[in-house]
Structures are given as structure tokens and as C-alpha cells.
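Residue numbers (my numbering), protein chains in the order written: chain A, 101 to 255; chain B, 101 to 255; chain C, 101 to 255; chain D, 101 to 255; chain E, 101 to 255.
Some clues are possibly wrong.
Intra- or inter-copy, both count: the list cannot distinguish identical chains.
The list that follows gives simulated cross-link-like pairs (lysine-lysine, PhoX-like), each with its CA atoms no further than 25 Å apart [said to hold, decoys possible]:
hint, residue 1, residue 2
1, K241, K230
2, K241, K125
3, K230, K168
4, K118, K241
5, K125, K168
6, K103, K230
7, K125, K173
8, K230, K118
9, K173, K241
10, K208, K118
11, K168, K103
12, K168, K241
13, K168, K208
14, K230, K173
15, K118, K103
16, K125, K103
17, K241, K208
Calculated from the structure, these hints are not laboratory results.
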Amino acid sequence: MYKIGIVDTTFSRVDMAKIVVEEIKNNLPNARIIRYTVPGIKDIPVAAKKLIEEYGCDIVITLGWVGKTQTDKYSYLASSMGIILVQLLTNKHVIDVTVHEDESSDEKELVQIAIDRARKHAHNLIALLKGGETLSRWAGKGRRQGRPDVGPLET
Amino acid sequence: MYKIGIVDTTFSRVDMAKIVVEEIKNNLPNARIIRYTVPGIKDIPVAAKKLIEEYGCDIVITLGWVGKTQTDKYSYLASSMGIILVQLLTNKHVIDVTVHEDESSDEKELVQIAIDRARKHAHNLIALLKGGETLSRWAGKGRRQGRPDVGPLET
Amino acid sequence: MYKIGIVDTTFSRVDMAKIVVEEIKNNLPNARIIRYTVPGIKDIPVAAKKLIEEYGCDIVITLGWVGKTQTDKYSYLASSMGIILVQLLTNKHVIDVTVHEDESSDEKELVQIAIDRARKHAHNLIALLKGGETLSRWAGKGRRQGRPDVGPLET
Amino acid sequence: MYKIGIVDTTFSRVDMAKIVVEEIKNNLPNARIIRYTVPGIKDIPVAAKKLIEEYGCDIVITLGWVGKTQTDKYSYLASSMGIILVQLLTNKHVIDVTVHEDESSDEKELVQIAIDRARKHAHNLIALLKGGETLSRWAGKGRRQGRPDVGPLET
Amino acid sequence: MYKIGIVDTTFSRVDMAKIVVEEIKNNLPNARIIRYTVPGIKDIPVAAKKLIEEYGCDIVITLGWVGKTQTDKYSYLASSMGIILVQLLTNKHVIDVTVHEDESSDEKELVQIAIDRARKHAHNLIALLKGGETLSRWAGKGRRQGRPDVGPLET
Chain A
101 MYKIGIVDTT FSRVDMAKIV VEEIKNNLPN ARIIRYTVPG IKDIPVAAKK LIEEYGCDIV
161 ITLGWVGKTQ TDKYSYLASS MGIILVQLLT NKHVIDVTVH EDESSDEKEL VQIAIDRARK
221 HAHNLIALLK GGETLSRWAG KGRRQGRPDV GPLET
Chain B
101 MYKIGIVDTT FSRVDMAKIV VEEIKNNLPN ARIIRYTVPG IKDIPVAAKK LIEEYGCDIV
161 ITLGWVGKTQ TDKYSYLASS MGIILVQLLT NKHVIDVTVH EDESSDEKEL VQIAIDRARK
221 HAHNLIALLK GGETLSRWAG KGRRQGRPDV GPLET
Chain C
101 MYKIGIVDTT FSRVDMAKIV VEEIKNNLPN ARIIRYTVPG IKDIPVAAKK LIEEYGCDIV
161 ITLGWVGKTQ TDKYSYLASS MGIILVQLLT NKHVIDVTVH EDESSDEKEL VQIAIDRARK
221 HAHNLIALLK GGETLSRWAG KGRRQGRPDV GPLET
Chain D
101 MYKIGIVDTT FSRVDMAKIV VEEIKNNLPN ARIIRYTVPG IKDIPVAAKK LIEEYGCDIV
161 ITLGWVGKTQ TDKYSYLASS MGIILVQLLT NKHVIDVTVH EDESSDEKEL VQIAIDRARK
221 HAHNLIALLK GGETLSRWAG KGRRQGRPDV GPLET
Chain E
101 MYKIGIVDTT FSRVDMAKIV VEEIKNNLPN ARIIRYTVPG IKDIPVAAKK LIEEYGCDIV
161 ITLGWVGKTQ TDKYSYLASS MGIILVQLLT NKHVIDVTVH EDESSDEKEL VQIAIDRARK
221 HAHNLIALLK GGETLSRWAG KGRRQGRPDV GPLET
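Hey, can you work out the whole structure from these sequences and the hints?
Structural data, given as C-alpha cells:
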């Protein structure tokens, strides 16, 4: 039985955890899901680390939301490096889902990006639990989360 | 009884610690508060780490103030990464409050941002002490500190 | 017998691992190759570390693909720092191959860059396995991967 | 008796260590001062760490000088992160003084910035040696080093 | 007898190691020099760490070459942070020499920058081997590598 951690934020404008929980329940009905909600993206790394080390999660998915300013981008960079560091300190995957407010000026589209990205990365999480070659048949195939796949370039 | 650390700076132009102390005293009257004041944001990470490791704090809130230049932004990035690293080395939350001078050209508004952000993050600190699901009912709700909440997007 | 790890992504639009596998098989027919496919570049560092620590790889090559936006560049920076950190934590080389979508607006040229870069870095990997002076006769010679060599400047 | 480390550089155009030594001798006549001079800012972090770990310093002040180009700014960022990391690895303060050549186009003013900043941060160092609440009466007071204090905002 | 490590790259367009070897042989004829050549700057940090930990080097000099694009600058930043981290993990100096292609549009001048910088930093390396105060008489003197010294500002 897998233990799967979800970290999300109160800053986010879409409840992406709901989508992730749905996908996990449909695909891994026996998995135990542990949720941890923090204020914003800079609080995510330690929550992910605690889910792995204190709650015994096998893998974590983090659901961040990033504002439009340059300061927000620097926060994104710091947070991204923190999430990578959590993985290197635990040897566990932490799938880092982020939605950036500058990805679309249309709020409806932003919602669709968030939902699609969370759903597809939930599937990536499930694949990674099965081992490092599970996604290999899709390697180089131009898959995208939040947008339709762009596909491979012609070689 | 919780031990709560506050790190603030002499560079800041608003005494945000006063707000944080008020909120903690009103909500957690038995908590012990330990304050540590440093010159500027790059001095914050080690002070937060010392509060956790040498003073036994359960959680820390840091109150930074960031100037307007690009150099200040790089200092913000270095400091943010340091604060994330403190959390990963201690498995404790450090709520990182920062006010950026470029957030408003109006000094009165900047004061209001600082006070509102410090107060709301003091509440976030109290919530996180109660566990990782305390804030989950607000997940994806578009909460903001320093400004009014923007709320969730319609899905 | 060497164990060589390959990390690639489903985000990439060219199957660079195929090129790398060809070059290794031609030059080190007894090497064992272990492949690990992840969604995107921020997932690469932990996969590389797992290949070294859990699968016993002597060296790893990572095959990343980077989008055009500033956010993608920050992800590149975080990923690059992660890959360097993996090397410092394991004292093994991880050859970090990345193709950036802004390197060419012509898709055919981008494919050629990807193939050439993957192939030449596979050769660099093989050279580094033989020791730190193997590449010394090419030091300062202006070698390029993805493009033709520019050669040394006249001194 | 305190041991205080000073790291400075040959790149700097002002001998800031002289100012720092004066202030320490006037205020802590029994302190032992150990100086370590390196070429430039990227050499500073390890020198600070050696002063703490190999020479037993209780605290260190570093005196950096940063050029005008974007490359210099990235070196500043890397150096800042290194100095923060030294502090997290040793739980000692390292007061990071830097003068940026783009702070003034007037060389005389740049000299005044350097001298004022070094002097005021020497006082900050002395205060931090006395404990984390020594500077608390100045918290939020808008103190500046290199320039006159701007003072607190009206609340 | 000192052991001195040199890391250089095949990406570089000038054989800077030759200059460094000359200077070391002239000034420290008994030193043992160990060379390690890697493809590019992101491969430098682990090579420097291996020279210190596996080959027993007392100090290392790294000779990097950085392209003109923004991506190259991010690679420079990641590499710089890696080289600083190597120093903090080993408490040894790693003198980080880099030539940036945007330092001059004239190829002859770029060669002169590379040669001058490598030569002067070889002298810095020799000085640092003698202890942390060897360079103190030059502190604040505005020394430059790659260009003529600018000298101290008038105080």
C-alpha cells in the first residue's frame, strides 16, 4: 500500500488537490493519501520533506501557484531549488506542479491549465511509483501538462 | 507550551514584530516568544536556525524588508533560499514574511501592507502549529497577505 | 563492466536516449545501460542520484529539454544546480545535456542540435570514464556540442 | 575574549578592514582579530568558514566589492548564498558587507559609502556578539549602512 | 610538497592551463600538478572536488569559459555556486577563473584577457597556499585579473 503526500497552498486560486485525489482514488484505490496545506510556495519544501520523513510518504506531489511579479519569479526559483533539495536528501520523487498567473490573461483558461496540469501530473506520479522505465515509452514525445501535448519533432 | 521565534531587522521601516507578538498573545497566551533582531535580510537565516537549534523554538516567523534595486532582489533570493534551507535542515516551519519597497510608491499603503501581512502570517503560524491539515479548508481559496484575499477562480 | 545511467524526459521533443544508447553500444559493448524517464527537467536530479546510489551507476548522462519562457529558464537554473549537487554528493560525473527551444526557430535545426549534442556528449561520457586526463588533449580547443566546433583562438 | 574574523579582498578599491579594526579596538579592546585576504568575492565564503572552524572565530565580517556588470551581479548572488551557507553550517553570524560599484558614479561618494557601511556593520557585529535582542530596540527603525538612516515609516 | 589541481574545459578557446602550469613550475618547482579536463563549466565542480578528495590536492584552480547567451550566464551562476560549495565541503580554496565571451568583441583582446587572468590567478593561488594574510598587503588595492589593476580609490 502506497502512502502519497499532497502539498497545496492557500495562495492558489484553484483547488488542485481535489483533482489529484480523484485520480489517485481511481487508479490506486488502496493508496493512503496525506494532505498538507501551507500558505504559499516558499512553505512547500519543508512540508514535502515532513510528509516523507515524518509521515512515511513514498512520493509527494506539490501544487504551487505563482504570482506575476519578478519577486514572485524569484520565490518560484527558491522554492524549486528547495523541492529539488528535498528529493536529493530523501531519494524520493516530489512532483512539482506549478501554475503561473502569467501563463494566461484569461481566468477560465488559467483554471483549465491548473486542472489539466494537476491531473496529468497525478498520472506521472502513479507511473513513477511503478519504476523508472514506466514512462520510457513516452520519452522524447513532447508531452505537456496544462496544455495539449506538442508531440515529437520529425527526425 | 509552544516556543515561537521571531526574527526581525533594523533595516525594516515598520515594527512588524509588535503585530506578531499581539496576535500570538491573543491566540496562544501560554506560548513563549523569543525575539532575535539582525541588521538585514541576509542575516535572517542563521538567526532562525539558532532560534530552533539553540533556543528550542517549535516554529519561527521572519520579518524581512527588501529595497528597490536589482541588488536587493538578489539579496532577497539568497535570503529566501537560506530560509528554505533552514527548514530542510531542521524539519520546522519558518514563515518568511517580506515586504518589498516596490510593492507601493505610497508610504501609507506600504505600512498597511506590512501590518496586514505580519498579522495574517501570524495566524498562519498558529494554524501550522496545529498540524498540516489545519489550513486545508482554505486550500485553493486565493488568500493573500498584505492585500485583501482575491478568492478562488470559478471552476 | 561499467554501469551507465541515462535520464531523459517525456517533455523532450527528440528521443536523445536512442542516440546515446547507440554510441555506448558501439564503443563500450559490455557496458550495462540503465534508463530512467521522468516528466521534465526538475525531476532529473533525483533520478540521476537514484541511478548512482540505488542502481550502482558509475556515471550518468541526463537529457533535458527547456522551453522558451523566462520561467523555463529559472527551471533550467534550478535543475542545473540540482545536477551539480548530485555530483558533489556522490563524487560521480553527471553529464548534463540540455536543448533549449530558443536555440533555433527552425525545428529541423533543433533536431540536429539535439542529435549532435547527445552524440558528442556520449563520447565525453566515455572519455571521462577513462580518467580525468583523457580529454586534456582537447582542452582549450573550442569544442562545441550541438554545433560545429569553433576551435581555439589564435594566441 | 572574543575572536573576530575579517575577510577582505584585493579586488576592493577601499581598505575597509582598517575601519573595522579601528571600531573593534575602540569597543572591544581585548578581542583578538584575525584577518584573511582573498582575491575576490567568490573566494570569501570558504575563508569565512576557515576562520570559524580552523581559527576558532566567534563571528566574522566580510568586506566585498562588486563590479558593475550583470556577471558581477551573478557572482554577488553566488557569493551571498555561500556566505549564508557558511552561517547555517556553523551557527555563527557572518556579517556580509558589500559595496557595489553601481551605487554611485561619483568615486568620492563610493568611498564614503564603503567607510560608513564598514563602520556601522562593525557596530552591528559587536551588538550581535552580545546576543540576539541587543539590536531589538532598533528593529523596524529603518537603519541604513553606507547611507544615512531613513527612519521608520509613520504608522 | 604541494599538490595542486587544475580543472579546465574543452569548451574553452584558450589553453589557460599551459599558463598556470608555467607559473607554478617557475614559483613552486617541487609542486605536483594534477590536471583534469571536462567538457564545460557545469562539469567543473565535481572535478575540483575529486581532485581534492580522491587525488589529495591542497588547492585547485578552475579555468572556465562562458558563452554569450543568457542561458550561458545561468550556467555560470550554477557552476559558481557549485564551486563555492566544493570549497565549503572541503575547507580548501578553489580559485575560480572564468572568461566570458561578452567581455570583448575583439578575439585578440579576449585571448589577452584569458592569459592575463590565468597568470595572475596562478599567483593568487600560490599566495593563498602560504596563508590567509599573504595577500593582505594588497587588500583594498583594486587589483584586477584579465585587465590592468585599477588601484585604490583616494580616501
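How the hints compare with the structure:
1. K241 with K230: Answer is within; shortest intra-copy Cα gap is 20 Å, inter-copy 33 Å.
2. K241 with K125: between (27 Å within a copy, 23 Å between copies)
3. K230 with K168: neither (36 Å within a copy, 31 Å between copies)
4. K118 with K241: between (28 Å within a copy, 13 Å between copies)
5. K125 with K168: Answer is neither; intra-copy 33 Å and inter-copy 35 Å both fail.
6. K103 with K230: Both ways: K103 and K230 sit 13 Å apart in one copy and 22 Å across, limit 25 Å.
7. K125 with K173: neither (33 Å within a copy, 34 Å between copies)
8. K230 with K118: For K230 and K118, the Cα distance is within 25 Å both inside one copy (23 Å) and across copies (22 Å).
9. K173 with K241: between (28 Å within a copy, 21 Å between copies)
10. K208 with K118: within (18 Å within a copy, 40 Å between copies)
11. K168 with K103: neither (34 Å within a copy, 35 Å between copies)
12. K168 with K241: Cα proximity of K168 and K241: across copies only (17 Å, versus 30 Å in one copy).
13. K168 with K208: Cα proximity of K168 and K208: in one copy and across copies (17 Å, 23 Å).
14. K230 with K173: Neither, since 33 Å and 30 Å both go past 25 Å.
15. K118 with K103: Intra 17 Å, inter 34 Å, cutoff 25 Å: intra-copy only.
16. K125 with K103: Classified as within; 12 Å inside a copy, 37 Å across copies.
17. K241 with K208: The answer is between: 16 Å across copies meets 25 Å, while 28 Å in one copy does not.
Going down the numbered hints, you'll see the structure goes against 3, 5, 7, 11 and 14, while the others check out.
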